[in-house]
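Under the UniProt record's numbering, residues 1 to 131 are what the sequence shown spells out, in order.
No lab work stands behind these hints: they were computed from the structure. The hints are all genuine.
Straight-line alpha carbon distances no greater than 27 angstroms define the calculated DSSO-like cross-link-like pairs of lysine-lysine that follow:
hint, residue 1, residue 2
1, 33, 20
2, 31, 45
3, 45, 33
4, 45, 20
5, 66, 33
6, 31, 66
7, 66, 45
8, 20, 31
9, 20, 66
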Amino acid sequence: SSETATLRHIFSDAVYFLIKSGNDENISLAKSKGVWSTPPANEQKLNRAFRDHRNVILIFSVAESKAFQGFARMSCEARHDSQPVHWILPPGMSNRAFSGVIYIDWITWYAIIYFSSLKKENIFNGLQNFI
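Kindly produce the complete structure, drawing on both the sequences and the hints.
Below, the structure is given as structure tokens:
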């Protein structure tokens, strides 16, 4: 079917990043505007992945939600000529912490609950759990 062909294309030569948001409102903004912003160090990693792979898949999760809020595909490297997005940030954090806007195409907006048995340790982050 055409859906299967589309999914095969999306997931071929793909890399995946788990994107954690501090709140659900920012995920809603990302869904309505088709954009995401992240600090410069993360932006550089995403841009490099976009240059090196056909597909960069972002898996969104609100911190402590025990769910994935959706999956999106990067449609371009971060842009610095776009209007900034007014993200909802914790006290003391400024929108200036983000340098660019990444345009994304949502694959699914549906929330998927995950289970504690799926916890995996991240060797690059002090063995903290991914989930």
